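Both chains come to you apart, so use the hints to assemble them.
Spelled out from the first residue to the last, the chains are:
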Amino acid sequence: MDKPLDNRAWFLVLPVLAIVAFSAVIPLMTVVNYSVQDTFGNNQFFWNGTGWFKELLDPSSDLGSRVRDSLWRNLLFSAIILAIEVPLGIAVALAMPREGWKVAATLVLMAMPLLVPWNVVGTIWQVFARGDIGLLGYTVNRLGIDYNYVADPLAAWITIIAMDVWHWTSLVALLCYAGLKSIPDAYYQAARIDGASRWAVFRFIQLPKMRRVLIIAVLLRFMDSFMIYTEPFVVTGGGPGNSTTFLSIELVKLALGQFDLGKAAAMSIVYNLIILAVCWVFYTVMTNLDVERRRPPAGG
Amino acid sequence: MARIELSDLAHSYKPGATAAADLALKPMTLTWRQGGAYALLGPSGCGKTTLLNIISGLVVPSQGRVLFDGRDVAHLPTEARNIAQVFQFPVVYDTMTVYENLAFPLRNRGMAAGAVDGRVREIATLLDLTGELKRKARGLTPDAKQKISLGRGLVRPDVAAILFDEPLTVIDPQLKWELRSKLKALHRALDLTMIYVTHDQTEALTFADTVVVMHDGRVVQAGRPEELFEKPAHTFVGYFIGSPGMNVIPAAVEGNRASIAGATIELPQSYDVPLGKRIEIGVRPEFATLARPGEGLPVTVERIDDLGRSRLARLRLQGQAIAAGVPHELGDIGDTAGLILQPAHIHVYADGERVEARG
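For the protein sequence lines, the chains are G and R, in the order given.
With my numbering, letter number 24 in the first sequence gets 25, and the count goes up by one each step, no holes.
With my numbering, letter number 306 in the second sequence gets 325, and the count goes up by one each step, no holes.
Treat the hints as calculated values from the structure; they're not laboratory data.
On a predicted model such as this, the values are computed, not experimentally measured, just so you know.
Every residue, glycine too, gets a C-beta built ideally from N, C-alpha and C.
Keep in mind that a hint or two might mislead.
To be verified - Computed footprint of chain G on chain R; a stretch qualifies when at least three of its residues, placed anywhere within it, have a C-beta under 8 Å from a C-beta of chain G:
hint: 1; region: 105-118
hint: 2; region: 122-128
hint: 3; region: 226-237
Claimed, not checked - The list that follows gives simulated cross-link-like pairs (lysine-lysine, DSBU-like), each with its CA atoms no further than 30 Å apart:
hint: 4; chain 1: G; residue 1: Lys210; chain 2: R; residue 2: Lys153
hint: 5; chain 1: R; residue 1: Lys195; chain 2: G; residue 2: Lys210
hint: 6; chain 1: G; residue 1: Lys103; chain 2: R; residue 2: Lys33
hint: 7; chain 1: G; residue 1: Lys210; chain 2: G; residue 2: Lys103
hint: 8; chain 1: R; residue 1: Lys250; chain 2: R; residue 2: Lys296
hint: 9; chain 1: R; residue 1: Lys33; chain 2: R; residue 2: Lys45
hint: 10; chain 1: R; residue 1: Lys33; chain 2: G; residue 2: Lys182
hint: 11; chain 1: R; residue 1: Lys45; chain 2: R; residue 2: Lys250
hint: 12; chain 1: R; residue 1: Lys153; chain 2: R; residue 2: Lys195
hint: 13; chain 1: G; residue 1: Lys103; chain 2: G; residue 2: Lys182
hint: 14; chain 1: R; residue 1: Lys195; chain 2: R; residue 2: Lys250
hint: 15; chain 1: G; residue 1: Lys254; chain 2: G; residue 2: Lys55
Next comes chain R alone, as it looks inside the complex (with noise of 0.2 Å):
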């Protein structure tokens, strides 16, 4: 059972470094309480696995402390954490039977024979691998390897947070389902923190109840999947969550007004934007609609995608890409049309940090 704080962390792959460039992972402050679901989520090479590792105790960081429960076990070794850990690979012990690789991690720390005994099976019913504990783990298959590793983590009473390093990237899509469904289910019944490392934006918002959206090693914003897709924090959680992701136009705010392409939006609320920063307006394609010539902003239409139920459009306005959704009683459409945003969904970024409104 434990809380897990990050303070002020950063780590850099290079000795010595402090330059922002050479930092795999930028200074961060950050909480995960007891018991939650988490999911860093982001591109490969944005530091989420680093930060895993360095939660786990296989990287130590260059600065700034992680606090289990207040107390700083940043310079402490992986197996004086309790911690688990689960990769991308399967990791079993080939030549052991199922048994003895959950057996493994008790065995290892002393435990006494008859407790490993109903660990083990606990465990096992609990990830329904009780018919294959005698078997040999390295005929088994990629999904019943990859809980044999999760076993081995359970499996220790003592452990307060499991982490996962994209465990599902080897596994057939129609496993992958059950076994993310295994994992939440797991998570209700025993009470544990659980930080899930993943690019695949509909593992982490179906598994967690808080995201962390990482960039370039930052933590760019942590919230919940809603907050994510209504609010996104910075222009990148915008297109990187969302299929497709968020429309993001330069635009030129002045209070409550944007223009855009030689048109003006009238804004809900007036912003303050700061000056000599790149301004830009961010709107969801679900709430960007196609109209007729004349309507809204002039765009011209490159393609329409029938995606079965709803169809999308794909635009240009002035150049820029844009994605919007095409209403049913909208009929043929030609090479241009109008793009109407909804005020309400419109979000202004400065360098793309979401600014807040006045008052």
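Okay, chain G solo, but in the shape it has when bound (with noise of 0.2 Å):
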């Protein structure tokens, strides 16, 4: 079929480059263009070339090692809430009802906390967690645990940790159950004929389906803890000491705390580039993995 060409056509395109533009292009721009300066206030700029880049990849700085400290936190707390909330979350969708009124009942609870503000969420724990009035902290404390998450940094991070989970575990799991939902009957059914076992209809039906929706899942968790920064910041203002002190914290501290411009748009810029980069990698991997299962092997 001949389509016409009217170049002229790209003007239509117009509006939304000006947009883009504004929202996203330039303000990087900005960002850009300060991360390789230094500004010491009125307007004046001077250029500092990479600097700021080095300094914030050696170790041995001061900058430096803040940046590697937090960031290894960063990296461990997505880990460990990757590691809860996706079992969790699949565990949650594969007990939720399938018909009937109970499913809506079930949908409207899951998405409750889904709908709380993150600092509305951080302040809640923050009061529940707490040993002198808070349910949970008293509670605990009541049991005979010790349990101060101001003064501990193992309680500070699994305050932060229950914290993440209770937000975040019905958003994998509610997509979990999408991907569930969606697979025929018929399967199940032949799953049955085949004498398949509970564990085999998991492993070989529901997971295999489910493969895709968690791909997702797994993407938009680790985006979300990975630049993380409300609740710690509510809950525990990144302490005891630095022990929940994670780069979106850090990088708020040297952007408006100590007004470090260059310094923070450089980190910024590493900071996303990090996020660009695990998630291209994580998605690639398995969309590769993907694609060799489906193309038949050689002379087949």
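Encoded structure:
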């Protein structure tokens, strides 16, 4: 079929280009611009080349060691979050009802935590986990377990992880539930006829069919947990010491606390690139596995 | 190996319902003999898939018994019956290879590895899948996948019957024919009872020795293809089978005389028609011919379809649509013509059911 060619059609793209330029490209370029300069205010800038980046990536400098430490914290946090939320989300999705009024009830209940704003979640848990007046903190302490998230780094981590699991497991569960609902009944019927065990049904039918939504769930949860800011800021303020200071908290301190715009801009770019790189690698690996499985072997 | 008997079987998807309108399957008694090739034919929603699922054990019937060789299995789970089922959409385990797919039902039943291997290779040969054994099942074409799901049934040595639920729906037309002949060949080779659900009369008539026609939850006729064609037991069978279907014309029948549209046709036999029922006569288009005006029944001609080797006339007899063959020697046809029905091929129906001739 012949499609008419008319280069004037490019003008139709202009509005989008303008919006994207003002909402994304120009702000991003401003950050890039800051990252290679130093400023002392008054709109005076001095060229610094790659200086900030060198300092940032050099663990022997003060800034470099802070970045390195908080990067490890971020990675550890994301790993723990994924290791808990993905299996838990799958388990919850498998246990959710498939039909009747209970479906609507469960979906609404599951969606609740997702509707609570980040800083509210932080405040809820900050109070909830307090040893003197918080239900959780008080109960745990009365059970004879020493628990104080203000003083003990481990307790602070457990609190933040519990909070994130509470807040975001439903997202994974809802995605998995959607994946499960898309499996035709014939698969379960065939499995019964084949005499498959409950585990085999999960392993060979449900898990492969959930694969695509799981990739999305992992990507979303990784990005979000890697960028976590509000909740730990509200609950622990990054402490005790620096034990829950994540990259984002470090970045805000640098940019707004110390007003080191150059360093902060350089750090934003590095931060952004790390997230992009991890997501890209993960996504490419997962989709390539898929392609290789689809491709027939040579000569076959 | 099993003879399957359905005794007084009925099913409703609404619990506790007994009213006829709520029954997806009206009470029926049927026997499927060991080694037969059956087709369950009917339009969508007539209950054929429900019946199939009751036999395979995916649905527990509300009443009645399902006997396999005399043993009631109506309440046994699927895995405890020696039944295999092939579904409308090919069901394969995506992450497994073809070999693992075929071995799956055997491994689940705890068969020894050596025996599994022998069995899988044997079935793969039978289905022409030997070359594909090492491939992942997910990349295969729909017809290969459908062969795998058939293979998962055949591979079990104890399997007594294989049920097919419209298995060719997603297969390309030219492969349909191939797969259907494959099924026929397997049926001859393996002496298995096969029950094939379809709404496609060509599939049913070419596959089965016995075709069971269902309509609105009831079995309206079970018989050889030519019986269904020549002696439809119900007007529904008449117009569902055949292309186009049987002409059904309201009539008054008294003894051996049928009056339609003011004219009278003499029938070869006499009938005692029940009173108070809707009486119709049925005659297939193959036994109805168009004639010059003045001969036979007066009809108006709507159009003539040229089917290549023959011509088919679409007619109206006092508002009633009728299809009839057009003889070669009949030249140009005007708006009106005559219709001749062959009396030997006229059936009499009362409320849709065929009335047997007297004596």
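Tell me, in ascending order, the numbers of any earlier hints that this structure violates. 3
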